[in-house]
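Student: Okay, here's what each chain looks like letter by letter:
There are 2 protein chains.
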Amino acid sequence: MHTRYLDDFSVGETFESRSASLTEAQIMDFALTWDPQPFHIDKQAALKGQFGGIIASGFHTQALAFRLFYDLGLIAKSNVIGLGVDDARWPAPVRPDDALRNIVEVVEIKPSSSKPDRGVLKLAHKVVNQNDVVVMTFTTLKILKRKPDA
Amino acid sequence: MHTRYLDDFSVGETFESRSASLTEAQIMDFALTWDPQPFHIDKQAALKGQFGGIIASGFHTQALAFRLFYDLGLIAKSNVIGLGVDDARWPAPVRPDDALRNIVEVVEIKPSSSKPDRGVLKLAHKVVNQNDVVVMTFTTLKILKRKPDA
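Top line first, the protein sequences correspond to chains A and B.
Take the first sequence: its letters are residues 0 to 149, numbered as in numbering that gives the first Met the number 0.
Take the second sequence: its letters are residues 0 to 149, numbered as in numbering that gives the first Met the number 0.
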């Protein structure tokens with residue numbers, strides 16, 4: 000998919016990433032560094048705990064979701080910078096070998112009033128697993144370049 | 000620091016983590032996997048770009064900030080699960096070797112009306128570097144256990 004500039008998006012458009020999964024070892028490695036809670040890093044505690052096994056750190060799910068989105072190529076040349084992430088929620092656990100994909104909807108397009116070469120793109124992300132269970136939702140705000148000739 | 004249960008927190012209380020830094024190699028490794036944008040993974044492009052050098056992925060900053068918060072020990076035994084993250088913003092870049100710390104303020108404590116053994120804790124996080132420049136802000140919502148004898 001080619002880079003899109005701010006003007007190339009339309010509110011309501013959706014995009015779907017390819018899918019990818021995390022192994023139990025990958026989940027435990029990531030969490031041991033960044034989010035070392037028992038249900039992410041301790042197999043025995045996780046088996047006895049509320050989820051019945053190891054689940055992924057929400058930060059890991061988000062990182063994978065971002066990579067899957069980025070690989071769509073949509074913002075590869077147009078992204079100036081990520082402004083923020085809002086409303087990150089994890090309604091269902093991510094387990095080892097779940098295949099996740101990121102379904103993205105354009106919710107707002109706002110050209111800058113002070114800088115005519117850029118504007119803000121707001122995207123709603125829905126991360127689903129192989130059974131179409133929503134495991135994470137979040138929105139992103141990005142500063143994107145406008146079309147060079149716009 | 001010992002684990003605190005929901006009832007042990009007070010609105011307005013603040014906690015400050017120890018500090019830690021990310022090397023350029025760590026920043027580039029993380030970003031190559033999760034956020035492979037030029038200003039995170041390509042030294043030459045980064046030097047010529049808007050930041051004048053490699054900067055950390057916002058997801059990397061957030062992951063480090065969470066680990067620093069978790070290491071305070073406050074929620075080690077009381078956390079049931081992270082519910083969500085709101086309003087993540089990155090007002091200034093994080094550069095290699097910046098020493099970051101996470102300053103956390105309790106903003107809301109809400110015992111559950113349906114489950115008397117738990118409730119929601121809302122924390123505002125401010126991540127600052129060695130010059131006290133704010134590089135990230137976000138709020139977290141966690142389900143925490145109430146005091147076992149409450």
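If you're looking for bench data, these hints aren't it; they were derived computationally from the structure.
Please read all numbers here as calculations on a predicted model, not as lab measurements.
Keep in mind that a hint or two might mislead.
Because identical chains share one entry, a pair is satisfied inside a single copy or across any pair of copies.
[Said to hold, decoys possible] Only pairs whose alpha carbons sit at most 30 angstroms apart, straight line, appear in this in silico DSSO-like list of lysine-lysine:
| hint | residue 1 | residue 2 |
| --- | --- | --- |
| 1 | Lys121 | Lys141 |
| 2 | Lys144 | Lys125 |
| 3 | Lys141 | Lys125 |
| 4 | Lys76 | Lys42 |
| 5 | Lys47 | Lys141 |
| 6 | Lys109 | Lys125 |
| 7 | Lys114 | Lys76 |
| 8 | Lys144 | Lys47 |
| 9 | Lys114 | Lys42 |
| 10 | Lys141 | Lys109 |
| 11 | Lys42 | Lys146 |
Student: Between copies, within a copy, both or neither: which fits Lys114 and Lys76 at Cα up to 30 angstroms?
Tutor: Classified as within; 18 angstroms inside a copy, 49 angstroms across copies.
Student: How would you classify Lys109 and Lys125 at a CA-CA limit of 30 angstroms: within, between, both, or neither?
Tutor: both (22 angstroms within a copy, 27 angstroms between copies)
Student: Indicate which option fits the pair Lys144, Lys47 if close means a Cα-Cα distance not exceeding 30 angstroms: within, between, both or neither.
Tutor: between (50 angstroms within a copy, 17 angstroms between copies)
Student: Could you figure out if Lys144 and Lys125 sit no more than 30 angstroms apart (CA to CA) within one copy, between two copies, both or neither?
Tutor: Intra 24 angstroms, inter 29 angstroms, cutoff 30 angstroms: intra and inter.
Student: With 30 angstroms as the alpha-carbon cut-off, assign the pair Lys76 and Lys42 to within, between, both or neither.
Tutor: Between copies, since 17 angstroms is at most 30 angstroms while 42 angstroms is not.
Student: Is the C-alpha distance from Lys42 to Lys146 at most 30 angstroms within one copy, between copies, in both cases, or in neither?
Tutor: between (50 angstroms within a copy, 26 angstroms between copies)
Student: Is it within, between, both, or neither for Lys47 and Lys141, if the alpha carbons may be no more than 30 angstroms apart?
Tutor: between (41 angstroms within a copy, 21 angstroms between copies)
Student: Between copies, within a copy, both or neither: which fits Lys141 and Lys109 at Cα up to 30 angstroms?
Tutor: Classified as within: same-chain Cα gap 10 angstroms, cross-chain 32 angstroms, threshold 30 angstroms.
Student: Reference check for the pair Lys121 and Lys141, CA-CA at most 30 angstroms: within, between, both, or neither?
Tutor: For Lys121 and Lys141, the Cα distance is within 30 angstroms both inside one copy (7 angstroms) and across copies (26 angstroms).
Student: Given identical chains, is Lys114 near Lys42, meaning Cα to Cα at most 30 angstroms, within a copy, between copies, both, or neither?
Tutor: between (52 angstroms within a copy, 27 angstroms between copies)
Student: At most 30 angstroms between C-alpha atoms: does Lys141 with Lys125 qualify within a copy, between copies, both, or neither?
Tutor: both (17 angstroms within a copy, 21 angstroms between copies)
Checked against the numbered hints above, the structure breaks none of them.
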